[in-house]
Amino acid sequence: MIQVLVNSIVYASEIAIIAVGVSLCYSILRFANFAHIQFAVVGGYLTYSFATIPGLALPLPLAMLASAVVTGLMAILIDILVFSRLRNTSAEGKMIVSWGVALFIRSIVAAIYGGSARVFDVPSSTIVVGDAVFTTLDVAIACATLVLMVALHLFLYRTRVGSGLRALASNQELAVTRGIPGDRLIRLMWFLSGSLAAIGGSLIAIQTRLQPSMDLVILLPIFAAVTIGGLNNVFGAVIGAVILSLAQNFLIWIDFGSLFFGDPWHIPTKFRDYVAVLALVLVLLLRSRSSAAAAKR
Amino acid sequence: MDILSLKNVTAGYGTITVLNDLSLTLRAGEILTILGANGCGKSTVLKTAMGLTRVTGGALALGDKSITATPSHLRAAAGLGYVPQTRNVFQDMSVIDNLRMGGYLRPKQFEHDVEEVFALFPRVKERRRERAGNLSGGERRMLSIGLTLLLKPKVLLLDEPSSDLAPATVDIVFRAIQDIHTSLSIPILLVEQNVNKALEIANRVCVLVRGREALDAPAGEIDTRHLHDLFMDGGVRTS
Ligand SMILES: Nc1ncnc2c1ncn2[C@@H]1O[C@H](COP(=O)(O)OP(=O)(O)O)[C@@H](O)[C@H]1O
Ligand SMILES: [Mg+2]
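Chains as they are written, first to last, in this note's numbering: chain Y, 1 to 297; chain H, 1 to 239.
These are computed hints drawn from the structure, not numbers from a lab.
Sample of chain Y residues with no beta-carbon within 10 Å of chain H, all distances over it, derived:
id	residue
1	Gly55
2	Ala102
3	Ser107
4	Phe260
Taking CB as the label site, the calculated pair distances span:
id	chain 1	residue 1	chain 2	residue 2	range
5	H	Arg87	Y	Ser288	19 to 29 Å
6	H	Gly29	Y	Arg30	40 to 50 Å
7	Y	Ile108	H	Glu115	49 to 59 Å
8	Y	Met95	H	Arg106	31 to 41 Å
9	H	Leu215	Y	Gly230	43 to 53 Å
Every residue gets a Cβ at the ideal spot worked out from N, C-alpha and C, and that includes glycine.
Only chain H is shown next, with the shape it has when bound in the complex (with noise of 0.2 Å):
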């Protein structure tokens, strides 16, 4: 069954065109990885998915209903629960706020819900009292996470969740990603530059090449070298 499709769409920022009569849909219990060099149009994927961008043509579905005109706060509450690259935490505000606007839309479940987010990510709990512009870049990643979860998403939308963290920390993101997945067995569209720890979790993979669409095939079936050459003008890392 599909989750969440993207059928010929073009989209942009202002004038600018990003993403070009671009085809894309995730299916029911899968993990779809999104490839792609820098600046060829992953996050602005995920962007648009979220209503944050300007859509000149095409169309955006959610389950059978369309989404293409959907204001976002209504995306999130159809069940779009979205992890930005950058600027994923309230920076201004403290850790428990920053969980209780994740939440904003339950607010009578909260003080349940977020013992499950504390359980996933202990240490979220430990700083819940900061700043969120004080944590360290492993923290506010696994609070953008967590946040997030909040929602109670139907599908999530990870915008590279293991970028600028030290090793182990992509590892413990990882687990959780794979955790949330399988636990509450929600469809993932990750966007990763990390090729092979997408490869690893994915169940597909798409690749994008300046806004459209180069590769689309199950995990199992991508050959590196293959990746490389689409990759020619962006410098992924394959290690």
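Isolated chain Y, as found in the complex (with noise of 0.2 Å):
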């Protein structure tokens, strides 16, 4: 049970520091940016570069502080050459270019790194309390992330400069109105989406490994995160990471053989997926129904 939730709070960490991004970029400029999960990617080979790379071999923490500058200068640069062009394209139109944009990093990135599997080799030490097994590593990624959030709550809810991207999010034509920079912080959320989706890519190559496919890995739960979340919020994605996760880590830890049948029998690891699937038809089926509901009122 306890090392259940331990999976699901570490799992929940990795998906909610990428799935911010998508709903901060998503409030903002209103459309489903796909190439950021390529910016997660990018982010774990940057850090393994910088921490490898023989004459430089940062310590790890450096390595991704480093990989999230880079990347989140990345997320500016694309911005300018594809994004910013395209700012009173429908939303369906970014959308689809945020996907020729993904698959070209992705080819950019196969060319550079190849396709084998790379790991990290960090030293962990492992932990026991009462029957949970877990190791220095997940307690290292669950406290990144809530420093990282709560930090970015801060930000957003408590400077100046913060508020003045919420100010954005609602209300743009009023925004820069007022004097609020609109172009100038939309490059701020860019770099600020890709350096975090560039940290939870990063914690998750360190846990796992790194492949050029680990992007099909997250592009779900990242996905359905954001959609049970709620786009309106940007911590929405991090409630949705937590129940997603949770439901995920559950569902396959009840023994439903013996609830039902008195053979142990689990939900097969594999069908993990599925239960993201499933979260996030439920959430639509039931959005729909309460938003036709209020529509009805």
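Each chain sits in its own coordinate frame; assemble them with the hints.
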């Protein structure tokens, strides 16, 4: 039980850091950016490079920081080259272009790093609490996420520039006519979401391994988390990640066999993703129900 | 002296042209009211002044500086205070955060300036912790004007400040506008549907018909029957 909870928290942390960037972008530019997943992959690879290139070999936290900065700048560059030219295009148009950008980044990553998996060599010791076993790395991941999310919250709600971002998300025309520099803040938004994705991608890579196909593994949970949490609030994505992660881990943990038939039987782990799909469908169904009900009122 | 001027401006949205070769000047110290039927382009004049439309011809100037190509946020910084007709508050932010955003360019003076807004609209102070989306129509209108004042504008552009308000609230809002005009002595470009109120407060009136200027005269010389004729194709209240 505690074990499942710990697993859920660690998994939710990794998803949440990446997912907030999707909602940050959506809140201001109103489109689902599928290239965001690749920011996470690129971030993972850059961290690997910064940590392993002979002569550089930065300690892991510094490598992640450098990767976050570079990925953030890359997100800005992509906006300048691609998305800024599409500001008046429909949301669907931008979404489709973002798939194109994603495929482009993916092929560049594959060309540079090849397809084989890389593993981070992280010293980590095991902690045993009751019958739950987890590592110092798990603890570090959960703490890093907590710190980052609190910092992001403080930035958005306690600083002038952060409030400017919220104003821009709330009402763009009103914001810029108050003197809020929209273009500059949009660039800041790209930097934030790019670098958060890089940190999230690095954490996933450190905990599992680095592969170009990692994008397909995280695509579903991230967009499921964003959808479950609702796109109206940046931190909805965090809540979505927690709900999704708990649902996935607990459904796999529950011994449905003993519950109904007497013999132990679990939902196979490979069905984890189906839980995400199921949650996604449920949320969409419920939401269309409730918005239909709201429309009737 | 000319404060804000549009010279032969042609502007619209995307491929649609709304304003046709329109010239209009707001002079120092005056309230200029733009009247016109629904959809004739009154709001578009103000949006064009703020850089929110696509301008395909003509020139705009603030004082003696051209602002034709100036981005919206720099027009605000240059002193244009704009209160839109709709969507004029940040719905999902608190009232106090709305005011903070109004004073985005003057963060150091905020604590002092906001008291002036509270003095003008005590109701806004009472509601400062509320989410702006939960305010009543009148409160929202006061907030929208108040947050614009925090910019310390040199010119005020008001888009139908009396629309959709109860008569008592209309009086409060117009009294506040008069107050702002005299105490801060800033010129105001006012778009109104309420002709009588507009004539009461304005120094000069300009009537738009389908994106062109059809009449420009001192408020005292306006003949309401003549106005009626200009509005034949749109229902404007003169009562
Ligand atoms: N964002 C927009 N996109 C396209 N057309 C618009 C937009 N806003 C207004 N219009 C059109 O421009 C014309 C003038 O609108 P507007 O300036 O709002 O009129 P008014 O304020 O005088 O009622 C109308 O025909 C309206 O349909
Ligand atoms: Mg209008």
